Amino acid sequence: MNSPAAAQGGEGDDGATGAPEIPGAKAAVSLVIEDLVAGYGEVVALDKVTITAEAATITAVLGANGAGKTTLLRAISGMVRPRSGRVLLGGADRTGRSPEDMARAGIAHVPEGQGVIAELTVEENLRIGMMSWPGIAPRRADRAAALSEAYERFSVLADRRRKLAATLSGGERQMLVIARALVARPRVLLLDEPSLGLAPRIMTQVMDMVVRLSRENSITIVLVEQNARSALAIADRGVVLNLGRVVATADARTLATDVALRHHYLGF
Amino acid sequence: MVEFLQFTLSGLSFGMIYAAIALSLVLIWRGTRLLNFAQGGMAMFTTYIALEVIRHTGSYWAGFAVALAAGVVLGAAAELAVIRPALGKPELNAVIITIGLLILLEGLAGIFYGGQYRSFPAAFSIIGLKAGSTPLGVSRFDVFVALAVLAATLLLAIGFRYTSAGLRMRAAAFNATVARLSGIRVARVITVGWALAGLLGALAGVLVTPSTFLYPNSMDSIFVFGFTAAVIGGLDSPLGAVVGGLLLGVALSYAGGYLGSQGSDLTALVALGILVVVLMLRPDGIFSGARVRRV
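Sequence lines, in order, name chains A and B.
This note's numbering puts the first sequence at residues 1 to 268.
This note's numbering puts the second sequence at residues 1 to 295.
Derived from the structure by calculation, the hints contain no laboratory data.
Note that the structure is a prediction, hence the values are computed from the model and not measured.
Glycine included, C-beta positions come from ideal geometry on N, C-alpha and C.
Treat the hints with caution; some may be incorrect.
Here are the in silico distance ranges between beta carbons for each label pair [unchecked claim]:
{"no.": "1", "chain 1": "A", "residue 1": "Leu196", "chain 2": "B", "residue 2": "Val143", "range": "53 to 59 Å"}
{"no.": "2", "chain 1": "B", "residue 1": "Thr177", "chain 2": "A", "residue 2": "Gly41", "range": "17 to 23 Å"}
{"no.": "3", "chain 1": "A", "residue 1": "Ala158", "chain 2": "B", "residue 2": "Val82", "range": "44 to 50 Å"}
{"no.": "4", "chain 1": "A", "residue 1": "Ala137", "chain 2": "B", "residue 2": "Ile111", "range": "42 to 48 Å"}
{"no.": "5", "chain 1": "B", "residue 1": "Ile111", "chain 2": "A", "residue 2": "Pro134", "range": "45 to 51 Å"}
{"no.": "6", "chain 1": "B", "residue 1": "Leu279", "chain 2": "A", "residue 2": "Ala64", "range": "44 to 50 Å"}
{"no.": "7", "chain 1": "A", "residue 1": "Gln114", "chain 2": "B", "residue 2": "Val276", "range": "34 to 40 Å"}
The following block holds chain A by itself, in its conformation from the complex (with noise of 0.2 Å):
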């Protein structure tokens, strides 16, 4: 579908602070897992996985409940450490850095459900997002910049900005978690569920922005869904995960029409 773009291992930004560049000179760049194993305690959640997701790509990572998708978008993000394995981000090697490293080299992570902080206004829950920037003071237009792109993308915020993130529906909610992360700029985003408890309507808007942040704003993703179907539709690269092991590995189109694959792993 979409032809791997060249960006792989062009990125030199190794330094500590990792931060990402200003918006308009940004590259996209690609996330390659590879051998990575992970877990909690006794269980493994993530058996030598790999997986490579080219610059600005849609990959799609797929699986029953268990599977270990939820965990690998936190083992990328730093919420779990690995136990081996490496996770470069550009060519870059960032294994084993926390969720505030990776954060500032440009990875954004929207957790299933619960990325909204509930006590805060919109607004506010916006400007968490320009928390990775770097420099420790930016610039007063450039705040304001991002938050008015923020509103232009996505209206019903823009209504409520001052409203405590309490008052908003799920699916406001789900626009707000995304918008906050895109506040960021980040260069790879990780969607644990976008879609979850949303309706048709919603879900079908939220899966056309992330067509849209991957082709205009180049923005590398990967997207954990349930929904095997509505994934793969927007997809480029898909990736079958059965109990912490990759079990398929090929373009969404070619995982989509292939009926046994369909049927032992993805319910459709």
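Let chain A serve as the given structure and place chain B on it in line with the hints.
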């Protein structure tokens, strides 16, 4: 009526001190879900430092400033040195560490300064103010106490509400996971919280000690009342801490005033009574109800 006014005003003045201690406990509670039992001990220690500076320089305000700075340093150092290693372990560990810190500080104060009561100067006159010929029950210094805590509280509130650092602190307190995923260095935020708590405690120490004398245990009862105030207000709420402190200060002042000579012995009992009643009616404290519960 005049008595009532006097008791109310002096209650508010003392209540502001409880509020400062309560606020310091709330700051730490919000960041780490931990009660810092050493808060009073830290305040006692910084007050000794203030006394030392005042004696050497002859300047009250130099001692005042050094005490606040020492509070910041002591708070941050305590968090970095003994609390951080215990975070993520069973909660009781950190609680016991704060009690150990209290014993250590009181022991050190005893070793350095001995156990005798020392008087601590007040910034302004402690002679009661009068409106015409009616004594108001408060002195110029009491007014200063109330204004100083009020100013500190307002500065904190404004900082939390309107600055980027304040937003970071609130985000880290409400949802540490999301905060970290957004690039906020939550560990650093927690250290800053402890430093601010140390500052408030030090402020309470220099403000209350002119009326209590200074000795290694001098802040113990103040801490207990500050803690009570924090629980009454709901440990999560800075506003609750201030209201709880004022409420407790006024109630204890009425008890001490109207119950005669037994009254001052009964203050602890009155505080306990208020605590029991508030917790029966609102188990999470007066100001916690507005908070959204996360599942």
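Hints, verified against the model:
Distance hint check: the CB atoms of Leu196/A and Val143/B are about 57 Å apart, consistent with the given range 53 to 59 Å. At roughly 19 Å, the beta carbons of Thr177/B and Gly41/A sit within the given window of 17 to 23 Å. Between Ala158/A and Val82/B the CB atoms are about 47 Å apart, so this pair conforms to the stated range of 44 to 50 Å. A hinted range of 42 to 48 Å holds for the C-beta pair Ala137/A and Ile111/B, which are about 45 Å apart.
A hinted range of 45 to 51 Å holds for the C-beta pair Ile111/B and Pro134/A, which are about 48 Å apart. Our hint of 44 to 50 Å for Leu279/B and Ala64/A holds, since their Cβ atoms are close to 46 Å apart. The supplied range of 34 to 40 Å is met by Gln114/A and Val276/B, whose beta-carbon atoms lie about 36 Å from each other.
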